[in-house]
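Q: Same order as they appear, the protein sequences are chains B and H. Residue numbering for the first sequence follows this note's numbering, beginning at 26 and increasing consecutively. Residue numbering for the second sequence follows this note's numbering, beginning at 5 and increasing consecutively.
What the hints contain is simulated information worked out from the structure, not anything from laboratory work. Check before you lean on any hint, since a few could be wrong.
Derived, one-sided and incomplete: chain B residues facing chain H with beta-carbon distance under 8 Å [stated by the list, open to error]: (1) Gly116; (2) Leu235; (3) Met288; (4) Val309; (5) Thr395.
In this text the structure is predicted, and so the values were computed from the model without any measurement. Note that beta-carbon positions come from the ideal geometry of N, C-alpha and C, so glycine has one too.
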Amino acid sequence: MDASTSAAAHHESHEHHGEHEHHELGWWRKYVFSTDHKVIGIWYGVCGLLFLFFGFSLMMMMRFQLAYPGHAMPVIGGVLSKIFGPGTMDGGKMAPEFYNSLGAMHGTIMIFLGVVPVAFAAFGNFVVPLQIGAPDMTFPKVNAASFWAFFVGAAVMVASFFVPGGAAKSGWTSYTPLADIADKGPHYHLIWNGQTMWILGFIFLITSSLLGAVNFITTIIQLRAKGLTWMRLPFFVWTQFVTAFLLLLAFPPLEAALVMQFMDRVAGTSFFLPTGLVVNGAAVHISGGGSPLLWQHLFWFLGHPEVYVLILPAFGIVAEIIANNSRKPLWGYKSLVFSVLVIGFLSFIVWAHHMWLTGMGSTVSAFFQTTTLLISIPSVIVLSAFFISLWGGSIRFTVPMLWATAFLPMFGIGGLTGIPLAFNSADLYLHDTYYVIAHFHYIVAPGTIFGLFAGVYYWYPKATGRMMNEFWSKVHFWPSLICMNVIFLPMFLQGMLGMHRRWYDGGQGWTIGNEHVWGLSGFQWNTPISWAAWTMGLAQIPFIINFFWSIKHGKKVDDNPWEATTLEWTAPNRPPHGNFVITPVAYRGPYEYSLPGREKDFTMQNEPVEETERTRRRPEPETVLA
Amino acid sequence: MEIPYTISTRPDTGLWNAKVGIWLFLASEVMLFGGLFSAYIFLRLDALPGEWPHGLLNVPVGAMNTAILIISSVTVVLAWAALKMRRYRAYWWYMLVTILCGIIFLVVKLTYEWPQKFEHYGAKLKPEALAKYEKYLGNERRTEKGLEPRVEITGHLENHEALADPNIKEFEIGLDPVYVEPNNPANDRPHFFYVPPTDHVAKIDKEDVERNTSFGPWHNQYFATYFTITGLHGLHVLGGVLVFTYMWLPVSKKVYQRNPEHLANRVEVSGLFWHFVDLIWIFVFPLFYLL
Ligand code: HEM
Ligand SMILES: [Cu+2]
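Given the sequences, and given the hints that come with them, work out the whole structure.
A: Here it is as C-alpha cells:
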C-alpha cells in the first residue's frame, strides 16, 4: 500500500473484513471453480481474448480466399484440411460452404464469445465490485454459474465445426428461411448439426448473460460503498450498469426467436417458413403460414442493443483512462451519464434500421429513421466530452492512453459513417455491401477492441501486481493501429463500388468493381487488405507473450501505479478474497484530479473532504478548462 | 467474507439483494414471453381466413388448471405469511399444497391435454377441392353469414396406414361433430364442453388433401405457438415445483432454524416467480382456449 492510500485509511472506519472465515480452499476451488468475482473475471477475460484470436483466425482464412479466390492455400491449407475434415479445405482450396461457416462463426464468435465476455463479463466482474468498494458480487454462486454457462455455450459452438456438415452457415444473423432449412436432411443429424448447435450454444450464452446482468445490476444497486452515491460512481460503472440492462431486456426476445427456430428445425413447425416455400425446386412439406420477417424483427430487437453492449463498456474504459492520463476531471460527467442512459433507452427503438430493404412502408421507416438519428446525438455527446476532456490537460501518453486516444478517431469514423445508413434511401444502395462491414468494424474493431486493450493494460497491475512491458506494448499498438486502417478504410470504397459482403469469390466476376480507386480496382483492394489482416495477426504475438510473461517478470508496482482516484486503487494489488483490507468509504466524486491547493494532483475518492476545501469554493470542473 | 444485505435490507434502497435480483429476472422473463406473445400476434394477424382454428381445446379442463394455479398462488403467500409468523408447521402444509397444485397442473397437461392432440387429425384440403366436400364444410352458408370458411376436416383418423401407404387412396376420418352438421348454427361458435369425434366416417381422397397431420406443433401456426408457449410455461412450472420442493424438504428446515427470516426471504422470492408463472398462464388461457 502506498503512502497516499494508507494516509487516507486513517480516516476510515476500521471495520475489518475477511478476518474470520480463514478456511483454506483447495486449488481447484480457488482458481477454477471459484466464486470470487476477480477469478471469474480473469477467466472470462482469458477465454474471451482467446476467442477473439480464434474468431480473427477464421477471418484470416477467409481473407486468403478473398485475395486469391480459388487458389490452394500454401502449407496452412493442408493443415486446416486435416483439422476441419473432408469437404472444407480439400487440396488446400476453400469450399464455398466452409467459407460460409467461417463467416457466420467469425461474427458469432467475435461478438458473443469475444467482445461481450471481455468487455462486459471480464472487466465488469473484475473492476465493478472494486470500483464500488464491494467485497464481491451480490450472488457469487450465480456468478460462477454464469461463467460455466458461457463455457458450455462456447464449447457447443466450437464443437459444431466438427459435426458432419460443419458449423452454421447462414451468417451471424441466421436469417430465415435460409437458416431454418440449412444443415437439414439425410446427411445431417437432427440435433448435432451446425445450425441447431448454433441455436443450443446460443441459449447457453443467453443464460450466461442473463445471470451476469442480474448480478451486475443488483451489485451496483446494493453494494455501493458508504458515501458512493449515484453521481459519484465512476463512469465505467455507469456504462456497465446500462449494458447490463441492455443484455437483460434485449436478449430474451432473441431467445424466444431461437426457441422458435429450434422448433422449426426439430419439431416441424413453420414459424419462419412462409406458405409455398420451394427449396431446390421442390415444394417443402410444411404447414407454412410463417413469417421470415418475424425472425428479423426479433433478431434485431436484440441485434441493435447488442451493438451498444459492444461499445458502452469501451466508452467506460476509455473514460477512466482519459481522466487518469489527462490529469483532469472528466469533462461533463453528468451529460455523459445521461447520454448513456438515453442511448440505453433509444437503442431499443431503432432496430428496424437493419431492415430497410424489407420494404416496411414509409411511416414505419420514418419512425425508425428518426430514432436512429436521435441516438446519434448522445453518441456524439459522449465522444465530444472525451475530446474536450483532453483539452488543456497535461497528457501522459502511457500505454493505456495510447489505445484510448486511438479509440476516439476510430470510433468517430465508425459512428459518422453510420449516418448515411440511417437514411433508407442511401441505405438501399449501401445495404449488405462492404461499406456496412467497414462501418461497424470501425466501431467494434479499432473502437471497442482498442478500448479493451486499453483496459487490459490499465488494470493489469491491479490483477497481477506487475506492469506489462512498455516497449512490447508499443510494438503491439502501432502495427495494430496501422493495419486496422489499411484493412477497413478500403472497404468503404469497395462497398461504395457495390461489393457485396457475402461474395465468396471476393467479387472476381463483378464488373463495376473494375473502376480504379487509388490505382487499384475494387476487387484488387482485397489483396492489400488481406495482407494487412495477416500482419495484424502477427502484431498480436507481442501482446500474447507480454500478457503471460509479465505475470511473473513484469515490473513490480505499488497499489496505485497510475495515480488514479477511484476505489479499485485503494485495494491491494491482487486483491484477496473479499477485496479490501479496510472497507472503503467514498467522500467525493470519481475524478478529482488536479484539485487546486493540493500537493498531489490526484485525490482519491476515499480521502475525506478537509476543512480548507469546504471553505474554499471549488471551481466547477468545466471552468478549470479556461 | 460476508456479502452485505443478503437477509437484512440496505437502508437507502430499502431492499435485500435477492429481491432486486428476482425483479430483474422477472423483467427479463417478461421480455421472453413478450417475444413469444408478439410472435403469436404477428402470426395470427398474418393467418389466411379459416387457417386459425377455434374451439379445439378443452375449456373446462383449461379453466380447472387456471383455478389450480391461482389457488397455488394463494397458498404460497400463506406459506410465506406462516413463516413470517414463525409457524413452521403451517408453512409446511401450505407449501405442500402449492407443490401438489403445480404437480397436478403438469400432470393434466402431460397426460391429458397434450396427448389428446396427437390423436386428433386434420386434413387440410386443396383450395380447388373445397367445393367437393361442401356437405362437411358448409361453406356456402358461412360465406353468406360472413363467417370465415372452413378449410380442413378434422377428427380421428381411422386408417393410420393411409399416411404411409401410397396404395391407399383415401383417408377415413371419424368426424368431429362440426363436420357432421356443418350448417347447424350451434356449430358456428366453439363448444364450451369438449365433444369427442363421432362415429360418422368421411372418406376423403388423398388427391384432394394438401396435408393430413395430427394436431402437433407441425400442424399449423396455432398449434406451433400453443405447444411452444405452453411448453415453455410448463418448464417454468416445473422449475417452480423443484425450487419449492427444495424449500419444503428438511434441508431447508435447517435454514429456518438458523435464521427464519432467511427462509422467509427465499419463499418470498420464489413466490414472486410463481406469481409470474401464474400470470403468464392468465394470458395463455384466453389466447389459446377462448379467443
Ligand atoms: C452512431 C450512430 C450509428 C448509426 C446511425 C448506425 C446506423 C446503422 C445502420 C442503419 C445499419 C444497417 C446498415 C445495413 O445493414 O444496411 C448499421 C449496421 C451496423 N451497425 Fe451501426 N450505427 C451507428 C452506430 C453503431 C455502433 C455504436 C455500433 C457498434 C458498436 C454499430 C454496429 C453496427 C453493426 C454490427 C451493424 C451491422 C450488422 C449486420 O448487418 O451484420 N453501429 N448501423
Ligand atoms: Cu443498429
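Q: Hint by hint, say whether it matches the structure.
A: Checked hints:
| no. | hint | verdict |
| --- | --- | --- |
| 1 | Gly116 | violated, 42 Å |
| 2 | Leu235 | holds, 6 Å |
| 3 | Met288 | holds, 6 Å |
| 4 | Val309 | violated, 11 Å |
| 5 | Thr395 | violated, 22 Å |
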